[in-house]
Every structure is written in structure tokens, then in C-alpha cells.
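Asker: Construct the complete structure from the given sequences, taking the supplied hints into account.
2 protein chains.
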Amino acid sequence: MSDREYNINVSLERGAEKPMYIQLYERIRDDIEAGVLKHDSRLPTIRGLASMLKVNNVTVVNAYRLLEENKLVYKREGSGTYVLPIKESIIVDIGSRSISEDADYSLQGTNDSEVYDFASASPDPLLFPVTDFKKVVNEVLERDGGNAFTYQDSHGYMPLRQSIGSYMQQIGVSVSAEDINIISGAQQGIDIIARVLLSSGDYVFVESPTYMGAIAVFKSRGAKIVEIPLQSDGLDLSELEKRLRFIKPKFIYIMPNFQNPTGCSYSDRKKRHLLLLCKKYDIMVLEDDYLSELSYTDKVSKPIKAFDKDNRVIYIKSFSKIFMPGLRVAYLVIPQAIKPMVANAKYMTDISTSGFMQRVLDIYFRGDIWNKHLQYMKKEYSIRYFEAVRASKKHLRGAQFQQPDGGLNLWIRLPYEVDCDNLLNQCRTKKVVFTPGTYFLSGEEGKRFIRLSFAAVSTERIADGIAVIGQALELLR
Amino acid sequence: MSDREYNINVSLERGAEKPMYIQLYERIRDDIEAGVLKHDSRLPTIRGLASMLKVNNVTVVNAYRLLEENKLVYKREGSGTYVLPIKESIIVDIGSRSISEDADYSLQGTNDSEVYDFASASPDPLLFPVTDFKKVVNEVLERDGGNAFTYQDSHGYMPLRQSIGSYMQQIGVSVSAEDINIISGAQQGIDIIARVLLSSGDYVFVESPTYMGAIAVFKSRGAKIVEIPLQSDGLDLSELEKRLRFIKPKFIYIMPNFQNPTGCSYSDRKKRHLLLLCKKYDIMVLEDDYLSELSYTDKVSKPIKAFDKDNRVIYIKSFSKIFMPGLRVAYLVIPQAIKPMVANAKYMTDISTSGFMQRVLDIYFRGDIWNKHLQYMKKEYSIRYFEAVRASKKHLRGAQFQQPDGGLNLWIRLPYEVDCDNLLNQCRTKKVVFTPGTYFLSGEEGKRFIRLSFAAVSTERIADGIAVIGQALELLR
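Chains as they are written, first to last, in my numbering: chain A, 877 to 1353; chain B, 877 to 1353.
The set of hints was computed from the structure by calculation and includes no laboratory data.
Since this is a predicted model, take the numbers as computed values, not measurements.
Cβ atoms here follow ideal geometry from the backbone N, Cα and C, with glycine treated the same way.
You may find that some hints are simply not true.
Cβ-to-Cβ under 10 Å is the rule here; a few derived chain B residues that face chain A [to be verified]:
no.	residue
1	G891
2	P895
3	V934
4	L1002
5	F1009
6	D1020
7	Q1064
8	I1227
9	T1229
10	A1332
11	S1334
Answerer: Here you go:
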């Protein structure tokens, strides 16, 4: 499309309350958003448009500046002003449901043991190691008494930070205790990093689909979300680079191992390649490692932090899935540059994480209890995993899924005719619940998926529950 | 000052990049801030100024609108536009120190038992009821096992919300369990309310002096802070009303019982009067009740929430001082209107507060353990309190303080010649620390005060520590 073809059909009102350059800006913006002005097309020259509209050059300059500030156009040196090749549709309104409605899906309120809860990705309470935990709790109380209940350093309890440092070495990440900040759960980590890095109007890139609790936080900071599609081995890097050419996000938020909800894992090659791209465009990575330990194959699932040579990855580690959510302890590994801001944000959020729970976790790491627990959880979950895979293949005819190498979810594509919300309504009547795809993915696409979590359903009941979903599928096809 | 006297000396540049109404706005703003245009003086009429400057009326209208939006002027119906009677000086830059430096004052890092720590307002770890606590912890583990470690409802563990509801009845506040939200400490409560209620540019009124951890949060939301002076029986209500006539804050943040740092308590008359004012100007109150239980007289210290007839008070209750900070459990009582937003903000912050600790606290409230603990803490603290008062009267010659009826602090005005930072430096060499007044109060005024907390120094050592401060005072006078 040449300059001539963009016939801007606007009569600017002189002396109106709204300055002319704003009238002009709004008109061009509307044309871009309506698709009248195509992506990558060139805007008229300043002089040309000014003379066409019989206005001062300054009016056009100001309007173009506003368009640029609002990331609708960009300048190419010596060549003119172009419409950004980013479709409105990629800045989506996912997560428009209130996130705390989450519980609805899992019917947790009902406390009904008959429910087949494939919505909750929380561990089965029966897997909680009560006896070991009790021993450790009493050990802490004996040893530290009231000292376990004073205000803790906002960075965390130093012995725990040291134990975690050693643990990170084991999984291939070299960090010192000083780089580790203890937080009250991974959600708080996401929130703190958003506070430190995001201002209104900033961009964040996310995987599509992704975890809504993160999106809600980014949006609450006024950030604009750009979704990058996932492929079977991780983020679609060519799509990513297309966007990076024109938009500089504050960071990319990713779950490189057993992603939530897809279960997808990045290949090592892709982890390295992603970091090279991030280096090239100088952006940070926010890695949410919520259960990389939970692999059911022999493959080692290293965090992307293990490949991070220039301190570009902020690493968040959750224990909610692998241990228990009720601990409310997680940690951050943060680059030097943002340490003071992170400490300040943590202080403002809740001053410090429970020193008592930090001491308990420290003993877990120092003794052999942690590894013992890990082995136990892996064994328990892998039985459920194989059962869920087997039952889904058997009962969910017409549905498809990629078998993940680990994690707690199957991300299932429904037969074309079936809408996830209808399916859920059908299943609810039979006391089976799961999370609809619309919770993770915007638009029509979301309706084609469901997430089945096998964390909270006992092995014996998995097949029965999935059979119910299969029957409902048959009814709806 | 009449219209004629405001001789606006500005040449507006036509066709400049910056629109004329913005040029005009900036000029008038500068004149107000420089004091050229006095508070409460009337601006020229729109027509008059437009003709004087030879510009369109619309330019002046737009400039005045911007001034109004930026709270520099206000309109009186039928009478014109006036400069707001608010001095720049009342929006102060308190809390410019990084709040997490707090620990510096208390030398906590040193772990040196020889230090006389009058900076920490945290309970002495020796007061922590280890035996009772251990019993309760084991009771919870026996009874609930892994269920104590699942994700908790973001609003809190219902049985605890019910026990707290009954407890609130006892202290004169009628609320239902539904109005109570469990949070991870009072700081988180302040943070959540700020998230829900404050946007950039909003005003918050605070007591002067006040708690910096709250100021830091309000500022992080972009709020403007207006300090209202405290009198011996609470907020200076005539100063408050002067401000309320021209500024509508989102809320007033107060600690009506044993205020931090002054120890000042509001009279019941003042609590009622304050609520009437808030009703008149339709603003909310954020009550931070961090230790109203800790009274050393027979007077009952009711929260202002107990006087709240039209659901205007948001109540935050901390257990950090009266029980232990390491619990990381507190609660909010919130008006119906903001419940969904609060639940959402809580979810984003950390999903939920430890269900385990909530269960422990619930048993405390249900049995008689809570009241037993309360009596014990009151007895222990009152001994320290009387000792601190006695020693201060004896050793701190030339200093003054108003004896509080409860709480954990003495707020001491130094002799005129002595600067709090110099005094602290002197005392540090003798291993005595306290919190300088500049931490709570802006400008020169702050240098005249220190806060002595007697929470963390054993009774036997209080007099010796205060004697050291007395000697340093003598040296500096």
C-alpha cells in the first residue's frame, strides 16, 4: 500500500476542545485497529498529509508521535513511518474471569469425597508425609523455641538459603545463597517481580496457553500481554522473534518443564536458542519452575536457569506441587541488579516469610528427607500419570493429547463439535470436574481444550472419572 | 487578590509542538507552586484571560481543566476558579529511606546478646509459649494431617473466621465470619487495601508521625500522602477538616490505640467525631490495630471499628506484637462493597495464608489458651513498661514524653540541642540502639525525637540501657 492509497477521510475541527493533532491521532488509530490501514504499510509523509488536510506540519508530527508512543506505528530511519506488524488480536483479553473463581471448577467447597476432582492440581492430602513432618516441626520447636517466630530477614533464613544453594548445584544451577530470596509461594514471586519490573503500558510476553494467576498479576500492573504460541518442544521461536523485532517486553514468562497447562517441555536446544534471542534483544526471562522434578522418564529436566550465562533469567521455584501448597514457602533466584528492589517489594508485601516454615524446610533439605520425599511423590504421581494416560486413550474417543514426560496435567483437545463448557456442565452432574481450556486460552480456541489434572484423584478412581468424561463426549458429539 | 492583580506574564507559542493550553497550564501551575498565585485566590475569568492573551476561550478552558484535574485549583459554583488552599509543604516526602533498612537500627544481624535493642518492637522470643504451641501444632497434625497443607480458601479457614467473629464480639465489634478475611500479616493487609483502593495520584491522609511500612506501600501505588498532626487524644480534627474541604482522600490511615510511634490513644469522643467527619465527607478509614489489647490501665481500648455504624472502617488486626510475628497470620474486616476486589488482590498476592497456621490459631481462640496468653503478655509487658517509664524519667534529663496507657513504645522529645542521629551514633558505641524520629516524621521535626521500644529488652536490662542514653544526652547538650 503506497501513501496515495491511504485516503485519510477526516475533517479536523479547528478550535474544538480536542486539539487537532489528537483528532488526527484518533482517526489513524481507529483505521489501524479496524484494519483499514494494514500492518507494515507506510503512513503518508508528514508534509504530504499536512498539505492534504490543510494543517500545519506540527499537527501531523504530533499525531505520529502519539501513534508511536502507543506502539501503533514505528519509524524506519530515512524511510518513513510504518504500521506495526502486530495485530490487535495478539494482545488479548485472557484471564478476564476473576481468577479466584478457580475454586469453582474444583468444587472444593463441597468437601464431597465422591467428586472426581480433575480440576485441582494440588497434591492429594493423603500423600502428605505427616509423620516426618511432625518430627521435623518438633525438632525446630525444641531447637529454636521462640526464635523461630521472630521477624525473619526479608531475604529469608540464611541456613535455608544455603541449603537451597547446594540443592541448586545438584540440579545444575550455580548460585550462591546471596542470590536466593525466600518468598511465601510462587504466586508471591510472580507478584514481586511484576512490582519491580512492570509499569503501566509495559509489555510482557507469555506462552499461549499459560497460567492465569500470572496473567492477572501482570495485568494488575497495567502491562500488555502478548501471547507466543507453544510448539511441542517449547515456544515458537520464529513467532517470538517476529514480535521482538518491534516490541521490547520487560520479560518473557515461561514454564519450560511440564508447562501448565500443556505439559509441554522445552528441548535443551530450544532453551539455549531462546536465551540467545533474549540476549540479542536484551530482555529478561521469568522462569516459573513449579515442578521440574516430576519427570516420569529418564530425561533430566534442567531449568532454563541452568543454561543462563549472562544472568538474564529470574527463577521462581515452587514447592506447592511437589511438597504441599500449605507450606507457603518458595524461592526466587534473582540477578544482582534488581536485588534491592526485590527486597523492598518483599518487605512491602508481607515483611517476611514464616521463619518457622523456613526452618522446617531447611531440615528437610539438610537431612535426606527431601530426596526421600521426592522419590515417594514421583512414584505416587507416576502411577496416577500412567493410569490417566491409559484411561484417556481408552475413553476419550475423538479427543487428542500429546503425552507429556512429566507433570500433573493432560492437555486434551476435544473433538471439533464439543465445547468445553458444555462438556463440563454435563460432567458436573456426574460429579466429575476439570478445568476448561478457556481458563488458559482466549477466544474460540480455548473452548476446544480441557485440562485434566491427576494430582488429586486417587489411582483407583482415575479410570472411572475419565470414563464419565468419555460418556459425556459421546453424548455431545 | 483580584483578577486584575494576577498579571499573567506569558507568551504562548502558536504552532509549537506543545499545544497552547498545555503551555498555559504549565505557566499557571508554576505560579501556584512558586507562591506567585496565593492559595484561595481567584483565577481570572476565562473570557478575561483569553482576551488578555489573545487566544481562543477553549485554550483557557482546557488549561483550567488540567489545573483542576491536577488538584491545583477548584471551581466554586457561580463564583469562578480558585487556587486550592493546600501548601506543597503538606505533601511531604517522608519515608524516603528504604524501609527494609529498618533492621539496621536494631542491629539484629549481629545476634549480639549484649545489645540493648530498643529499636525492635517485636516480642522477646523468650516470651513465646513454646510448650503450649507445640501441643497445639501436634493437635492440628493429628487431627487434619495433609488437609492442613492443601490450598486454603483465599478468604481464610472458615472455623478460624468464625472464632475471630466471636472474639470481635467480645471487644465490642459486631461482625460475621463472612466479613473477615485472613491475611499473612498486617503489612499484607495494608498492601491489599492499597491495591484495591489506590490509583496513581490519589490522596491518602495519615497521622503524623506514623508507620513507614504503610507510607511505603501507599507511595508505591503512586498515592500522595497528606500528614495530619496528632494531639494527645488523637488526630487534630480541625486540621483534618481544613484539608477535607479541598481534598478527598481515598482513606485515612490511623492507629487509634497506642499509636506507633507516639503511644497516643484516641478518646472515645474523638473516635466518634472522626467518624462523623468521615461520613460528612464520605471517606473511608483504614484502622491498623496492632496491639489494642496491650493496655496497662483499666481503660478499655475499643477499636474505632466498634463505633462504625455505616461500614466505613476497614479494620486490620495484627498478632505480631501480642503473639509472635513469625505466625504470619492477621485478619481484615472489610465492608461488603470491596469484598470481591479484596479476594482477588489476596489471590494475586499469595493465593492464601498458610492453612496450618490458621488451624493453630483457631485452636488458640477456641480453647482458653488465647486469653491465658494475653494475660501473660500483658503482665510481662507491663513490668517492662513501668520500668522503661521509671528509667526514662530518671535518666533522660531534658527530654520529655507523654506516658502512654499501653503499647510497647515511648516517644521521646529530645532536648532542643540534640539531634537524634548524633545521639544514636553515640549510643551505638555502647551497644544501645533505638529508632530515630526521622524514621517516622519528615524534616527537622523528626530529628527532635526518638522511639524507645521496650518489647525486646528484658526488664533487668532496661534501666541500664536507658542510663546509657541518658549519659549520651548529657555529652551532647
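Asker: Hey, does the T1229 of chain B contact hint survive, CB to chain A under 10 Å?
Answerer: Holds - the Cβ of T1229 of chain B comes within 10 Å of chain A, reaching about 7 Å at its closest.
Asker: So, as I understand it, the hint says P895 of chain B touches chain A; can you test that by seeing if any CB pair is closer than 10 Å?
Answerer: 5 Å, holds
Asker: Should the interface hint for Q1064 of chain B be scored as holding, given a Cβ-Cβ cut-off of 10 Å against chain A?
Answerer: Because about 4 Å separates Q1064 of chain B from the closest Cβ in chain A, which is inside the 10 Å limit, the hint holds.
Asker: So, V934 of chain B near chain A? Judge it on the closest CB pair being under 10 Å.
Answerer: 6 Å, holds
Asker: Holds or violated: L1002 of chain B as interface residue toward chain A, Cβ cutoff 10 Å?
Answerer: For L1002 of chain B, the interface hint holds, since the closest Cβ of chain A sits about 6 Å away, which is under 10 Å.
Asker: A closest beta-carbon separation below 10 Å is what the hint needs, so does A1332 of chain B meet it against chain A?
Answerer: 9 Å, holds
Asker: Holds or violated: F1009 of chain B as interface residue toward chain A, Cβ cutoff 10 Å?
Answerer: 7 Å, holds
Asker: Hint check: is the beta carbon of I1227 of chain B less than 10 Å from a beta carbon of chain A?
Answerer: 5 Å, holds
Asker: If you take the shortest Cβ to Cβ gap from D1020 of chain B to chain A, is it below 10 Å?
Answerer: Constraint on D1020 of chain B satisfied, holds at 8 Å.
Asker: Is the interface hint for G891 of chain B satisfied, with its Cβ closer than 10 Å to some Cβ of chain A?
Answerer: Since chain A brings a Cβ to about 5 Å from G891 of chain B, closer than 10 Å, the hint holds.
Asker: Next item in the hint list is S1334 of chain B. Is there a CB on chain A closer than 10 Å to its CB?
Answerer: Nearest chain A Cβ about 13 Å off; hint violated.
The earlier numbered hint that this structure contradicts is number 11, and it is the only one.
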